[in-house]
Amino acid sequence: MSQKVISFHYTLKDDKGAVIESSKGGEAMAVLTGSDSILPKVEKTLLAMGIGDKKSVKLSADEAYGPYDERLVGQAGRNELPEQLEVGMQFTAQQGAHMSIVTVTAFDDNVVHLDANHPLAGKALEFDLEVTGSRDATAEELSHGHAHGPGGHHHH
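Numbering (this note's numbering), first residue to last: -5 to 150.
It is worth saying that the hints were derived from the structure and are not from the lab.
Remember, it's a predicted structure, so these values are computed and weren't measured experimentally.
Fair warning: there could be bad hints in the mix.
[Stated by the list, open to error] Derived DEER-like restraints, expressed as beta-carbon distance ranges:
#: 1; residue 1: 102; residue 2: 47; range: 48 to 56 Å
#: 2; residue 1: 66; residue 2: 118; range: 16 to 24 Å
#: 3; residue 1: 13; residue 2: 38; range: 19 to 27 Å
#: 4; residue 1: 18; residue 2: 115; range: 22 to 30 Å
#: 5; residue 1: 35; residue 2: 63; range: 15 to 23 Å
#: 6; residue 1: 105; residue 2: 12; range: 26 to 34 Å
#: 7; residue 1: 79; residue 2: 20; range: 27 to 35 Å
#: 8; residue 1: 64; residue 2: 134; range: 38 to 46 Å
#: 9; residue 1: 9; residue 2: 47; range: 20 to 28 Å
#: 10; residue 1: 42; residue 2: 83; range: 32 to 40 Å
#: 11; residue 1: 143; residue 2: 105; range: 44 to 52 Å
[Claimed, not checked] Subject to a maximum C-alpha distance of 20 Å in a straight line, what follows is the list of computed DMTMM-like cross-link-like pairs (lysine to aspartate or glutamate):
#: 12; residue 1: 18; residue 2: 124
#: 13; residue 1: 35; residue 2: 57
#: 14; residue 1: 35; residue 2: 120
#: 15; residue 1: 35; residue 2: 134
#: 16; residue 1: -2; residue 2: 37
#: 17; residue 1: 52; residue 2: 122
#: 18; residue 1: 117; residue 2: 63
#: 19; residue 1: 117; residue 2: 74
#: 20; residue 1: 7; residue 2: 57
#: 21; residue 1: 35; residue 2: 122
#: 22; residue 1: 18; residue 2: 8
#: 23; residue 1: 49; residue 2: 37
#: 24; residue 1: 49; residue 2: 120
#: 25; residue 1: 7; residue 2: 80
#: 26; residue 1: 117; residue 2: 15
#: 27; residue 1: 10; residue 2: 122
#: 28; residue 1: -2; residue 2: 120
#: 29; residue 1: 7; residue 2: 124
#: 30; residue 1: 38; residue 2: 134
#: 31; residue 1: 38; residue 2: 56
For every residue, glycine included, the Cβ atom is placed at its ideal position computed from N, Cα and C.
Working from the sequences, and respecting the hints, build out all of it.
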């Protein structure tokens, strides 16, 4: 099966139905299938849908961003991070060959508390999906590993 670029709107909700984020009212998201750029169960659902179809898919914490891992919570010296600091700020951190996003959870004059878990780790989620377009991926998209154009990656 050839790889596709699927355009879709989504609304992401927690397990209590509270909306976390949504693309509705904005540009549809575009994804290159088979590029590991979205959660596998969401991609599988999108592949089974046609243009105009709407569907909800529920994901356990393991199917979404995995369990919350206390080992990914730590501290850094206040002098190791930028002067302008706010709770909720995120930084990219290198851990061996792996890059991760760390979030500032608290700080004082000496210590910054950091969390490298995905912000949605440990949470069951629900995606409301609506497919707005589907097409074969271009050779350039396949070589770059992501969708181009509206809702996808833009080269400047």
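Checklist entry - When you check the alpha-carbon spacing of residue 52 and residue 122, does it fall within 20 Å? => result Holds, at roughly 9 Å.
Next on the checklist: Hinted pair, alpha-carbon criterion (20 Å max): residue 117, residue 15. Please report holds or violated.
Outcome noted: holds (14 Å)
Checklist entry - Taken at face value, is the distance from the CA of residue 37 to the CA of residue -2 at most 20 Å? => result holds (11 Å)
Item to check | C-beta pair residue 143, residue 105: status relative to the range 44 to 52 Å that was hinted | outcome: Since the Cβ atoms of residue 143 and residue 105 sit about 45 Å apart, the hinted range of 44 to 52 Å holds.
Checklist entry - Are the Cα atoms of residue 10 and residue 122 separated by 20 Å or less? => result Given pair residue 10, residue 122 holds - Cα atoms ~14 Å apart, limit 20 Å.
Item to check | Pairwise beta carbon distance, residue 79 to residue 20, judged against the given window 27 to 35 Å | outcome: holds (30 Å)
Item to check | Cβ separation of residue 66 and residue 118, checked against the hinted range 16 to 24 Å | outcome: holds (19 Å)
Checklist entry - Keeping to a limit of 20 Å between CA atoms, is the pair of residue 7 and residue 124 held or broken? => result holds (15 Å)
Item to check | Hinted pair residue 35 and residue 134, Cα distance within 20 Å | outcome: violated (26 Å)
Checklist entry - Does 38 to 46 Å hold as the CB distance between residue 64 and residue 134, or does it fail? => result At roughly 43 Å between Cβ atoms, residue 134 and residue 64 fall inside 38 to 46 Å, so the hint holds.
Checklist entry - Taking the CB of residue 42 and the CB of residue 83, does the distance hold inside 32 to 40 Å? => result At 39 Å between Cβs, range holds.
Item to check | Distance restraint hint 22 to 30 Å, applied to the beta-carbon atoms of residue 18 and residue 115 | outcome: holds (25 Å)
Checked against the numbered hints given earlier, this structure breaks hints 15, 19, 25, 28, 30; the rest are met.
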